[in-house]
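**Student:** Order-wise, the sequence lines are chains A and B. Our numbering applies: residue 1 is where the first sequence begins, and numbers increase by one. Our numbering applies: residue 393 is where the second sequence begins, and numbers increase by one.
Watch out, some of these pointers could steer you wrong.
Unchecked claim - Ranges between beta-carbon positions, derived for each pair: (1) A:Lys221 to B:His670: 46 to 54 Å; (2) A:Asp45 to B:Lys680: 54 to 62 Å; (3) B:Lys698 to A:Ile116: 39 to 47 Å; (4) B:Ala571 to A:Gly273: 46 to 54 Å; (5) B:Arg402 to A:Glu304: 38 to 46 Å; (6) A:Ile116 to B:Glu671: 52 to 60 Å; (7) A:Pro113 to B:Ala571: 30 to 38 Å.
Said to hold, decoys possible - Chain A stretches covered by chain B per the calculated footprint, using a threshold of three residues with CB under 8 Å from any CB of chain B: (8) 14-26; (9) 171-183.
If you're looking for bench data, these hints aren't it; they were derived computationally from the structure. All C-beta atoms in this analysis are idealised placements derived from N, C-alpha and C, irrespective of residue type, glycine included.
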Amino acid sequence: MKVVGLTGNDAVAEAMRQINPDVCAAYPITPQTELMEKFAQFVSDGLVKTELVLAESEHSAMSACIGASAAGARVMTATSANGLALMWEMLYIAASLRCPIVMAVVNRALSGPINIHCDHSDSMGARDAGWVHLFSENSQEAYDNTLQALRIAEHYDVFSPVMVTLDGFIISHTLERVEILDDEQVNKFVGEFKPRYPLLNTNNPITWGPLDFHDYYFEHKRGQIEGLEKAHGIVRDVGKEYEKLSGRCFDYFEPYRMEDAEVAVVALGSAVGTARGVVDELREKGKKVGLIKLRVFRPFPRKEIAQALKGLKALAVMDRSNSFGAYGGPVFAEIRSACYGTGLDIPIVNYIYGLGGRDTTFEEITRLYSEMGQVVSSGKRPDEIRFLNVRE
Amino acid sequence: MASLKELASREDLLSGGHRACAGCAMTSIVRQVLLIAGRNVVVSCATGCLEVTTTIFPYTAWRVPFIHSAFENSAATISGVETAYRSLRRQGKIKEETKFIGFGGDGGTYDIGLQSLSGAFERGHKMLYICYDNEAYMNTGNQRSSATPFAADTTTCPVGCVVKGKPQFHKDLAAIITAHNIPYVAQACGSFWKDLTTKVEKALSADGPSFINVLSPCVLGWKYPTDETVEIGKLAVDTCFWPLYEVVEGNYRLTYIPSQKKPLGEWTKRQGRFRHLHELGGEELLEKAQREVDRKWERLLAISEKPARPGKQPKDTSQ
Chain A
1 MKVVGLTGND AVAEAMRQIN PDVCAAYPIT PQTELMEKFA QFVSDGLVKT ELVLAESEHS
61 AMSACIGASA AGARVMTATS ANGLALMWEM LYIAASLRCP IVMAVVNRAL SGPINIHCDH
121 SDSMGARDAG WVHLFSENSQ EAYDNTLQAL RIAEHYDVFS PVMVTLDGFI ISHTLERVEI
181 LDDEQVNKFV GEFKPRYPLL NTNNPITWGP LDFHDYYFEH KRGQIEGLEK AHGIVRDVGK
241 EYEKLSGRCF DYFEPYRMED AEVAVVALGS AVGTARGVVD ELREKGKKVG LIKLRVFRPF
301 PRKEIAQALK GLKALAVMDR SNSFGAYGGP VFAEIRSACY GTGLDIPIVN YIYGLGGRDT
361 TFEEITRLYS EMGQVVSSGK RPDEIRFLNV RE
Chain B
393 MASLKELASR EDLLSGGHRA CAGCAMTSIV RQVLLIAGRN VVVSCATGCL EVTTTIFPYT
453 AWRVPFIHSA FENSAATISG VETAYRSLRR QGKIKEETKF IGFGGDGGTY DIGLQSLSGA
513 FERGHKMLYI CYDNEAYMNT GNQRSSATPF AADTTTCPVG CVVKGKPQFH KDLAAIITAH
573 NIPYVAQACG SFWKDLTTKV EKALSADGPS FINVLSPCVL GWKYPTDETV EIGKLAVDTC
633 FWPLYEVVEG NYRLTYIPSQ KKPLGEWTKR QGRFRHLHEL GGEELLEKAQ REVDRKWERL
693 LAISEKPARP GKQPKDTSQ
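Can you make the complete structure from the sequences, with help from the hints?
**Tutor:** Okay, structure coming up:
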């Protein structure tokens with residue numbers, strides 16, 4: 001084990017170096033670029049066996065990843081924002097062809113307008129594609145999630161692609177203290193890739209991606225749905241195994257000072273770090289507040305989340321993206337849906353925040369908790385969709 | 393180069409029972425390619441006639457490993473397969489020599505697939521890309537592509553009272569690919585089996601990317617009787633609309649010169665999509681088309697090495 005200073009991009013590149021995939025096909029886009037550049041240097045220095053395909057677009061990058069994965073290779077890649085959007089149809093195809101590709105998504109706002117900074121609109125926009133989504137709070141988690149992602153993806157009951165997210169610039173470009181495992185430990189943890197029906201086995205010719213009419217398509221999708229359901233249990237199993245290796249816990253989410261909390265916030269990504277500080281300060285003042293860091297967004301841990309929210313008097317859900325025309329952001333919608341029928345009848349307020357990299361400060365989050373406190377004391381049902389730190 | 397007898401004795405790697413139309417050139421072309429490629433090959437295919445007629449779940453006509461992922465990315469997909477092969481071979485995990493062939497129609501190659509083809513070739517993957525060119529988006533019912541010839545009737549540029557079919561000449565894809573400076577580029581036609589199979593063999597032995605654009609007459613789209621496919625292909629070549637040539641390390645070589653260059657009208661008059669060229673008012677269009685065929689043919693003649701025996705038709709092509 002080593003302690004090093006790494007940015008989020010460095011940390012993922014380091015995890016990729018240790019995993020040492022057979023193939024990586026990628027296209028640069030801010031703020032993922034440095035991740036690719038770091039890894040490309042490993043390739044040029046002969047530190048990895050990876051064949052790096054510098055594709056001419058993200059759509060081709062994911063297409064090449066699918067070809068390589070189907071061929072029987074272990075494949076990884078990374079992208080952001082419009083790069084993810086450009087490969088959108090291929091995300092669905094990677095998932096339905098059951099290619100266990102691991103991809104880092106350095107969260108950046110989707111155009112338009114064009115903006116290179118952090119929000120979650122990119123990966124949230126792809127939430128229906130059939131990938132497992134893991135959110136990282138900091139560089140350490142970006143590293144740890146990347147390693148675990150591989151094991152989740154390649155588990156035979158899942159055999160689906162996994163997306164590891166990290167906030168663009170805020171985490172990807174910020175130097176933090178990171179503990180990295182030894183190469184040997186990672187080697188042992190990830191093991192050898194065991195492909196299913198590899199194209200390169202010419203003794204057993206297989207057709208991948210056939211035309212599937214109404215007589216069979218639905219059954220195939222049903223099977224895919226099962227695969228992602230199975231990921232739910234496997235994410236936890238892999239987390240437990242990883243904890244033994246690293247000493248760090250990984251589960252669907254991380255509750256913070258929730259034991260007797262009356263008001264809580266659910267958030268994903270780097271904002272959690274800020275919120276944690278706010279919780280500590282408010283707790284000093286005797287406020288019964290807590291925080292839940294959601295890590296696994298797909299498959300959504302509906303039962304566990306509903307359980308964790310019992311006993312609260314009010315909940316704020318922070319969404320760093322919006323679903324136009326829907327009732328609130330994606331996380332808000334999932335949580336309300338998870339809580340329906342469980343007997344949880346408390347005010348749940350959605351705070352849309354940080355779009356396009358809008359800074360979300362300690363003071364803003366403190367104000368958020370204060371507003372939620374007022375919601376509790378007023379006894380009324382408030383406006384459920386609010387916006388944090390935007391000029392109205 | 394194998395004789396026809398020897399080739400015919402090899403195992404057919406595309407089985408019968410697929411759903412291609414009676415008289416379709418495409419599947420005949422694929423069978424010819426696979427007779428040369430053999431079993432140690434992985435094939436990719438763009439969405440289109442070839443993919444949908446040969447892989448209707450739970451059946452497949454492919455006796456070799458095959459992948460279809462999407463429409464515009466047959467080249468990108470096979471480049472990924474080829475990369476995995478290189479990686480695993482370098483790691484000692486694979487011993488056999490395998491070839492990689494990407495198929496795509498003109499739709500998935502000239503238009504929506506051009507970027508991914510260009511990218512794959514620029515990166516230098518050792519793969520052969522074969523475009524079966526039936527000159528429109530035939531799988532979806534004959535919408536125009538940039539391969540559709542001048543004045544052809546298609547459903548998206550139909551012959552009407554004001555507009556008489558496609559106003560643009562077709563793109564010269566072989567020229568575009570030649571500009572990528574890859575080891576081997578060729579134009580071929582399914583009706584000339586010896587020419588096509590020779591080219592496939594040369595392409596597969598190239599040390600880098602290779603490309604063959606194969607004319608693939610389409611019964612329903614071009615509108616001619618189902619048993620005339622081979623002849624329609626021959627006429628396209630004998631009118632010099634579709635010259636048979638190859639570019640080896642940048643050097644042009646015609647592989648066939650018709651003993652008598654036929655007027656373009658001999659080809660167009662056999663097809664319903666060009667019927668208006670042979671009706672009152674169509675003469676101007678036919679003349680314009682003829683001039684362009686002649687211009688390109690003259691230019692090709694000027695820069696190409698000629699075949700050893702000009703005017704000699706390859707044997708056994710049709711009857």
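**Student:** Any hints this thing doesn't respect? Which numbers, in order?
**Tutor:** 3, 5, 9
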